[in-house]
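Mind docking chain B on chain A? Use the hints.
Top line first, the protein sequences correspond to chains A and B. So the first sequence is residues 1 to 381, counted in this note's numbering. So the second sequence is residues 382 to 762, counted in this note's numbering.
Hints are supplied without guarantee of correctness; some may be wrong.
So the derived list for chain B, only partly shown, Cβ under 8 Å to chain A, looks like this [stated by the list, open to error]: (1) Ser477; (2) Gly487; (3) Gly489; (4) Lys537; (5) Ala544; (6) Val549; (7) Phe552.
Just so you know, these hints were derived from the structure itself, not from any lab. Heads up, the beta-carbon is just placed ideally off N, CA and C, and yes, glycines get one too.
Protein chains: 2
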Amino acid sequence: MSADPVRTGRSSPGGRIDVSAAAGTYPVLVGRGLLERLSDLLAEHVEVHRLALVTDDRVGRFHGERVADRLRSAGYDVTYLTFPAGEASKTRKSWSILTDEMLDAGLGRDAGVVALGGGVTTDLAGFVAATYLRGVPVVQVPTSHLAMIDASVGGKTGVDVRAGKNLVGAFHAPAAVVVDPDVLATLPIEERASGLAEGVKHGAALDRGHFEAFERSAAALLDAEPDATAAYLLDSIRIKAEVVGADERESGYRQVLNFGHTIGHALEAASGYALRHGSAVALGMLAEAEAGERLGLTERGTRDRLASVVQPLLEAAGVTLLDVDPEAVRRFLGADKKARGGRPRYVLLRRIGEVAAGEAWTHELPDELVDDVVERLAGPG
Amino acid sequence: MSADPVRTGRSSPGGRIDVSAAAGTYPVLVGRGLLERLSDLLAEHVEVHRLALVTDDRVGRFHGERVADRLRSAGYDVTYLTFPAGEASKTRKSWSILTDEMLDAGLGRDAGVVALGGGVTTDLAGFVAATYLRGVPVVQVPTSHLAMIDASVGGKTGVDVRAGKNLVGAFHAPAAVVVDPDVLATLPIEERASGLAEGVKHGAALDRGHFEAFERSAAALLDAEPDATAAYLLDSIRIKAEVVGADERESGYRQVLNFGHTIGHALEAASGYALRHGSAVALGMLAEAEAGERLGLTERGTRDRLASVVQPLLEAAGVTLLDVDPEAVRRFLGADKKARGGRPRYVLLRRIGEVAAGEAWTHELPDELVDDVVERLAGPG
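Just chain A, with the same shape it has in the complex (with noise of 0.2 Å):
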């Protein structure tokens, strides 16, 4: 997983995005090796000497005890605190336990967070930083490609309910974000494959460019390739960094990120997070791209171009055949929390690059295209 300069035989892109929040701008830096260099990066944009390195026991076993000894030899005084890997852990019991650690570890005021992990991780110990003594700072250090290109950037933290994901949190702006792309290449092929899936997002609702050069480059990412990782991550983050710095708390605009979001989560819970959250956005946005079309608000050919992008991910992430219970996904559907009066919203998009915005950033969809859509992911892509 080191870096390889001779077979690259130059050094590997990377540089800085600034991200505008209310409390202020927020680096995201993004490179090769900066796991390595994480004090001196902690020194340079945080100003605390305690810390709690929170992640998960899979993490924790490649990185986070390394990362904790190096941390401590730079004279930092570490808490270092690990819960079960995986989405099921995602809840407001992680948060009470790791919350309480830290009051047993007497962390004060004076202490801040690094959250070392995917998603989950950077959601959940965001959210534990976000309301431990009412907020302490939190350094996000993402180990997966969703949370390098997503969660980790804008500030959402939160845990998933009973009644869906991610409906419990706060907005807490990061101190930091690093990004260190060798990290990915020891993560299973299957998660690599299922971020990637949810990363096409970007480029499908934002930035055409952004999509084709994934279009391209899709074999180099699936296979870790760190250069073209690096490339893809900094040019993903920045898109990102620009609908964030436009709207933190997703009032308006940011609502653009949530495309596929709407049916992928209901998707993710229906099957009880059997389904990876990547894979299920993945699907979600065939499906919204397909209700788009029906509708005429999408240019048609929309749908399967991105299933030419997406379908080699998803089975790569070993996603064959979609086996849930359509009547579980329109219960989740109603609970949605981007919903208005009750009824769900949906980012749709009149072209790759480009979403369909009329008087708002989402639309509502008649239930029985929603099911219909819903209904032919199970078939044949």
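Coordinates of chain B only, in the frame set by chain A:
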């Protein structure tokens, strides 16, 4: 409890104070009879048509059900939610239940929360609003002195946990605060006395004139005399609003509002919350004033002058002899969220109306001195 124009013979004092917060300015509206006009005030200050009205079962009986009916008559879709009255309800569990009940009722991002009650309700329902779908608006309608002058102004929300009070929460500025002094007449005298005892703090720490007005009108306030109460509340809220406007996140100056709170919170926790919050803070002020005098930071006689106002209120609140384990107090002091590097911090007075500030707004104190002044609380006043 209703207005008595014959007795007062003139319109009551009342008014509006605007509080600056990062998310915008919000109004605190003070006036007799405002509770009956709540639907108009909501229409003016918050853009929601679906509401969760959150209150405890005691305030529910006195006011809640009537308020819910009136709001419904005015066209609001009201989900009426109660929890058992008392500090023991200010937990993550109550927060979870309320959140789930709102989700079950299908409330979306277009909904808001109305918190009707004392400090437990304003803190708990405020935290529900802060975290529901990552934040929906809250209108605070405090029904106790404490909640009126303190808890509902400034955006602090939260719950108590094993390690102490308010250790988990969020800053979430209300959309508006509605203060109707008439509701205070329905409080038990012990509640009112305890609330007033903490109310001494704003004058003691920040405004000598307010402290002296308090000395003059203590009897009328304890009696819930409406005009005296409205005038006092308005002045007290003005003081609080100035502090919060200058430092919303309590990174500096806002800490002065914690006078009496470091020892107060520890006493409250060590008593198993048998001691009311206001009474505990009043005792904390006496102890912290004495500590300041012994260190030569606080003008001599300050503690006794405070005691002459506070003791009659504590007696009316039913606090006769303090029976808490000093060992337990010490343990809770160690877990105080104002601690830095594991050491609790204290706000000390220079004299009535002014805090002693050096390099920081707070000070460390020697453990023996804290033990001493805490133990003296158990003896004759």
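Exercise for the section: Tell me if Ala544/B is really an interface residue toward chain A, meaning its C-beta lies closer than 8 Å to one of theirs. Expected result: holds (4 Å)
Problem - Hint status (Cβ of Gly487/B to nearest Cβ of chain A, threshold 8 Å) - result: holds (5 Å)
Problem - chain A contact restraint for Ser477/B - C-beta distance below 8 Å - result: holds (6 Å)
Exercise for the section: Verify the interface restraint on Lys537/B: the C-beta must sit less than 8 Å from at least one C-beta of chain A. Expected result: Holds - the Cβ of Lys537/B comes within 8 Å of chain A, reaching about 7 Å at its closest.
Problem - Hint validity - Gly489/B Cβ closer than 8 Å to any chain A Cβ - result: It holds, given that the least Cβ distance between Gly489/B and chain A is near 4 Å, below 8 Å.
Handout entry: Hinted contact Val549/B with chain A - closest CB pair below 8 Å
Key = holds (5 Å)
Handout entry: chain A contact restraint on Phe552/B - CB to CB distance below 8 Å
Key = holds (6 Å)
In this structure, none of the earlier numbered hints is contradicted; all agree with it.
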